[in-house]
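Required output: the full structure, derived from the provided sequences and hints.
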Amino acid sequence: MKFPVVSLIAVLSFAPSVSGAQTAPSRKLSQKELPASAHKLVAVVVKGTQRYVPADVIAVSGLKLGQTVSEDDFKRTAEKLGETGAFSDVVYTYSYSPEGTKLELQIKESDKIVPAIFENFVWYGDKELVEKIHQYVPLFTGELPISGNVAEQVADALQALLVQRGSKGQVDYIRAAPEGRPIDSVRFSVNNVDIRIRNVDFPRADYMRSKVRLYADDDLLPVYLERGYLKASFAAPEAKLVQEKPEEVDVDVSLPLDAGRQYKLSQFGWSGNKALSADQLNPLLHLAPGQPANAVQLGNDLQAVQKLYRRHGYMAAEIKPVSHLDEASGTATYELQVNEGDLYRMGDVEIHGLDSRTTDRMRLAWGLKEGDPYDAAYPQRFLKETGNLIAPNIKWGVSIHESVNQQEKTVDVELRFTPQGVE
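The opening residue of the sequence shown carries number 0 in numbering that gives the first Met the number 0; numbering runs sequentially from there.
Mixed in with the good hints, there may be bad ones.
Taking lysine-lysine pairs in the DSSO-like style, the calculated list, with each CA pair at most 27 Å apart, reads [stated by the list, open to error]:
| id | residue 1 | residue 2 |
| --- | --- | --- |
| 1 | K46 | K107 |
| 2 | K383 | K368 |
| 3 | K167 | K131 |
| 4 | K79 | K39 |
| 5 | K319 | K273 |
| 6 | K74 | K126 |
| 7 | K319 | K408 |
| 8 | K273 | K306 |
Simulated from the structure, these hints should not be mistaken for laboratory data.
As structure tokens, then:
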């Protein structure tokens, strides 16, 4: 007796929703018409990969050749791949035959991938560490998606490596983003274990205590504040004479550090805000309870809050973070004290450097009327929206100058256009 081949197709989309489709065979077959061997997985083919090796994608799926499978297994495979964040779409097709079941995965890789940065995994070099993590996390190649569960899997793999070494360290990670920009890396670090610097080399650099102290405060201290060491401080640099010649002296420089303990965020709250509600301000904060109290990220976030206030006319708004540290629990609570100041309104706008006709057209297009609450983001937005009003064959440089009148609570704006050349 010959059995026909039965083929089916299904589509799962992970951005932003899940949908499915299935084409039925010309004649619906009952389970009795298919031998047991038809449900044995005999082949898995992966298509659409550029970043990942097909074998690694199959490893994530959990499917094994020879196992008995059904469509439910393939649905779970597609969902599992989607949960990694590494793929935006997964299409699977499969066919039954007397020889067994063949599965084909057509995937679309996510373009939201960032590098992993290992801050203090001193036991391994970066290349060796990536190779070891890859044994636990098949989709990890030194980069990982900004969403999904791969970052957590990498943290678990790092934790396993520490356990193997008998270390008591705990692995943490943060998704790092510069102010006002998207996430650009995922940073992993080890806590609860002392990793001390014995020597730091600055080959052939001139020694000045003030320069070394400035380096410590500007470049090294933020590294600790970013990880919740809120009381970290450097003592004065100390120099030890190593070698002396008539015209040259070599020294070893030490920077005594008191890192203190690491604090994790308990909660935060606002006070003094009246013009803007907490619901409007909270989305600008990236701090999460239970995570290291990242003082650097908080500073960046509060600058974004200040910009939001300026967009609503509060040009002198200030936000002061006051931390309350609980030594017993190792947690930090922040009170974000807002001093909104006065509301500033639009004053005069002056436009220089353009011909009189274009100047008049630009004035008519200016949307902030005298007396309107001032929006500090409007001048840049105005320039983007009115580029078609300016002679297109000339490359223009534009400077924006805001004159804040503290007595009248107004802001005058001057736009000065300077021709940079002919395009």
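Comparing the hints with the structure gives:
1. K46 to K107: holds, 9 Å
2. K383 to K368: holds, 18 Å
3. K167 to K131: Holds, at roughly 19 Å.
4. K79 to K39: holds, 21 Å
5. K319 to K273: Roughly 15 Å between the alpha carbons, so the hint for K319 and K273 holds.
6. K74 to K126: violated, 35 Å
7. K319 to K408: Satisfied, since the Cα-Cα distance of roughly 23 Å is no more than 27 Å.
8. K273 to K306: holds, 16 Å
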